[in-house]
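Hey, can you piece these two chains together into the complex? The hints should help.
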Amino acid sequence: MSATTVHRLGGDIDLDERVSWCPPGVRASQPVSCYLIIGETGALLVDTGIRAHEQEVLAALQELYDGGVPLAVLLTRTEMECCLNLPAIESRFPTDAVWYTGGITVPRSHAEVRRVSVEPGTSQWIEPHPGMRIELISPMMRLLPTLWVHEPETGALLTSDAFTHGDGPAENGLAKFRWFTRAETGDIAAHVRSVVAERRISLIGPGYGRPFEGEEVAEQTAALAAAIERIGLS
Amino acid sequence: MTAVFESPRRIADGVYWLGGCLSAFGQGEEVHYHVNAYLVIGEERTALIDTGDPAHRAVVLAQLDEALAGRTLDYLVPTHPEIPHAGNLPALMERFPQATVLGEVRDYHLHFPEFADRLRAVPAGQSVDLGGRELVLMPAHIRDLENTTWAWDSGAGVLFVSDGFSFIHDVPSPDEEADEPAHLPGQCRLFSGEMPEPPSVAQAAYGTGRALYWTKFVDVSDAFTAIEGLLDEHPTGFIGPAHGNVIDDVDGMLRTSLAAHRAVYQGRGLGQ
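Heads up: the protein sequence lines correspond to chains A and B, in order. Just so you know, this note's numbering puts 60 at position 60 of the first sequence, and the rest follows in order with no gaps. Just so you know, this note's numbering puts 172 at position 172 of the second sequence, and the rest follows in order with no gaps.
Next up, chain B with everything else stripped away, as it sits in the complex (with noise of 0.2 Å):
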């Protein structure tokens, strides 16, 4: 297992993708598997969303010091609380003394009793002004765990995606079980249509059936109506998911994903 550091890579004006991958090894290779956090700078306030893992802490506060060049963070945006979203939130939080944890902050007072004074729920709908641009919650159509948030920025129209919009670009051999999807070393920083192939149905599906156990059992061609209302309303360029290099053929990869959903659900094999 290691990490990898890169510094962060700038997606749009004001918006740096940040993190880094771990390792594993599959079908006698190496893989990666990536641990995306995002920064948003605004005129006056800046954000994170998600805070990478535990085993990146370091590289994270190196990345957030670069991009943020002297301004200070001001609001943390975990999508979920699991460990590769939420896991570096003490670290953040008292390197970054005024900061708030805002947007779906279910559970965190049970987590981080100390930051319990320093939690701001804000609903999926609400947005918070960075200055020049907005940071919109989102309800997360394809998410684990219940308190689950997406996010969209509107000066770039980035949307954040959390566990959803996952992909690999290499399949582990079975004994290699994997629940988040990987990708080959040396694309770690690419957006998807920088990579040497697009995803393909059966790479995005391999991510879906490890990673969201349950989409084996639910069809969710609702859930990507919704998503295709959300997008229509909210202009994107660029999706950041937390696991899978940074998508900037939206269209493309919205088939592909709702492709990959519908093959694990009929096939259940799946991605097993």
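Extracted from the complex, chain A is given alone in its bound form (with noise of 0.2 Å):
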């Protein structure tokens, strides 16, 4: 029975127009979403929130973190929807240490910032806390440096702007892949189902989307990757 558990944070938002990831013509509700690891010897927050959501996320995190053991950040990348309400969290709940990955613009934190480099198509497993044993996966599906997050206790795979698509056809979540279109995209898509394949994975929980849980896991991986092939040029 393991100890560790993850918890969903966040909103919805109204996925319109107005939003870059938004397939076109598509109008629907969408959660937008962080996760908060929780084991014996610390908590994982893997990214904040958007700051429309900086409210929901702080009560959540007041609820689910009593503050007994210590709390680290974790970015799955530096843009905006993931790191903007780290200076609400840091002046609300001491934190030890922000990770994140990509160039030479750190996010601006009190707590130690510690860069992750991991090369695209690998992994590489950090301890953020005494025997919490993470692996940070650097997604092939990616345009800006990315960290796909694999909790083994839970069998959690948090896969930040990947899996986004929710109860649409898998294509809708590749409005921010476009690039895709103009590029031979069989080894992405060979990497995204190797990811799962190659690991006991039981949930998959993407930064915005609803989550994937059970027999869904395999059939949206074989949906996304089975997308990612047909739009792009291979």
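Hints in this document: simulated from the structure, not taken from any laboratory. Using N, Cα and C, we set each Cβ at its ideal position, and we do this for glycine too. Some hints here could point you the wrong way.
[Claimed, not checked] Interface residues of chain A toward chain B, partial, derived using beta-carbon atoms under 8 Å:
1) V19
2) I50
3) A52
4) E79
5) E81
6) R142
7) L144
8) K176
9) A183
Structure representation (structure tokens):
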């Protein structure tokens, strides 16, 4: 029985033409999420939610996190929907460290800022708290430097800006990746498949769009990989 | 990581180069990484393209005061919602309470809900009258985020290209990964033609491969055809990248940048 738990925080947005990742013609409500992993020795907040949901994120953290173990933050990307609530969170909840990937533009934080560099298509393990092992996967499916977060005890795979299509067709999650239409995407699709096939994944938690659990994991992985191949040149 | 303060540099009549540099170390020597913003001053209105990095907030505000010389800022045109391009938006909107954010404004209501009523979408191809000159919003032919815009100033013929046309003047060692281009200190406010050596294909390829991951997978020849068409229709004497020195040899840098993209695409190893 795992003592580690994973919780989803955030709120819903109107997915419409004002949102850059909205597919043409779609009008819907969409969850935008960050995730809190709570282990025996510490808690890890994966992304911080969008600023429009600042109060919701702070309230959920207050409810879930009792301060009994140290808190660290991991940013899957240094894009705004991942990091803009960092100051508000730090001001309410003492934070040990902020992990991130990317270039030399670093998150502005009072905590220790720890950069992780993972070559696309590979992964790296970190231990944000003693005994808490987290695998950081650098997906080939990316625009900017990105990490997918694998928590092995629960089987959670947190996929940032991938697997965002929810109940729609998998193509709906590729609006951000228009460059796929001009690229040979076979290797990218294969990497999506292998990430899930090579691990015991029980939950896929995207940064926006609803999570997938149980049998949906394999189904939606297959659907996403097929869509990546379909829109590409390969 | 250090910020370097310098006064804004006048590029042409009514156009100023603002922002600063961030420092890193590569191959044992310090290199700098540009985070630029550009101010365009019309007879009636003013516009700031990009906001600079939050690490340079005080620098940018001071540079703006100097360049505006008592005028106010009317328009803020972030090229896309990444921290180095739009991170100072809240400070600027508070400093200039009449200012409007315009251009490609998707997502900003999620990031800055307190300013949602001060966003004005202006699609590519439309222009904003600054008085005596126009700022024309352009499609971003080289970009990362989809909600990226380029812009062209009709008054002085300056094309603002966001993450496009970036290049480095020094290549960090492999263990000093950088997803942004860099240049040597002391060259922060030089035009490309004033640099000791013009940017090489390898230097541009490094910046391209690092900052724009997708270019390893995509042949960008069609994008450069579109850029050449854009330049034919919009006479351009200067190109203002967000990450790199201002380019005053437009034809030369166009060739260098295209060659760099081709090298990254064909080699796929360059810049990794």
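Structure-based check of all given hints:
1. For V19 of chain A, the interface hint holds, the least distance from its beta-carbon to any beta-carbon of chain B being 6 Å, beneath 8 Å.
2. With its C-beta approaching chain B no nearer than about 5 Å, I50 of chain A sits inside the 8 Å limit, and its interface hint holds.
3. Nearest Cβ of chain B to the Cβ of A52 of chain A: about 5 Å, under the 8 Å cut. The hint holds.
4. Given hint, E79 of chain A at the interface with chain B, holds; its Cβ is 7 Å from that chain's nearest Cβ, closer than 8 Å.
5. Below 8 Å, beta-carbon pairs count as interface contacts, and E81 of chain A has one with chain B at about 7 Å; its hint therefore holds.
6. Evaluation of the R142 of chain A hint against chain B yields a held restraint, the C-beta minimum of about 6 Å falling below 8 Å.
7. Against a cut-off of 8 Å between C-beta atoms, the interface hint on L144 of chain A holds, since the closest Cβ of chain B lies about 6 Å away.
8. Annotation: K176 of chain A was flagged as interfacial toward chain B, and the flag holds, the nearest CB pair being 6 Å apart, inside 8 Å.
9. With 8 Å as the threshold, the beta carbon of A183 of chain A comes within range of chain B, its nearest partner Cβ sitting at about 4 Å, so the hint holds.
Consistency with the previously given hints is maintained throughout, with no hint failing.
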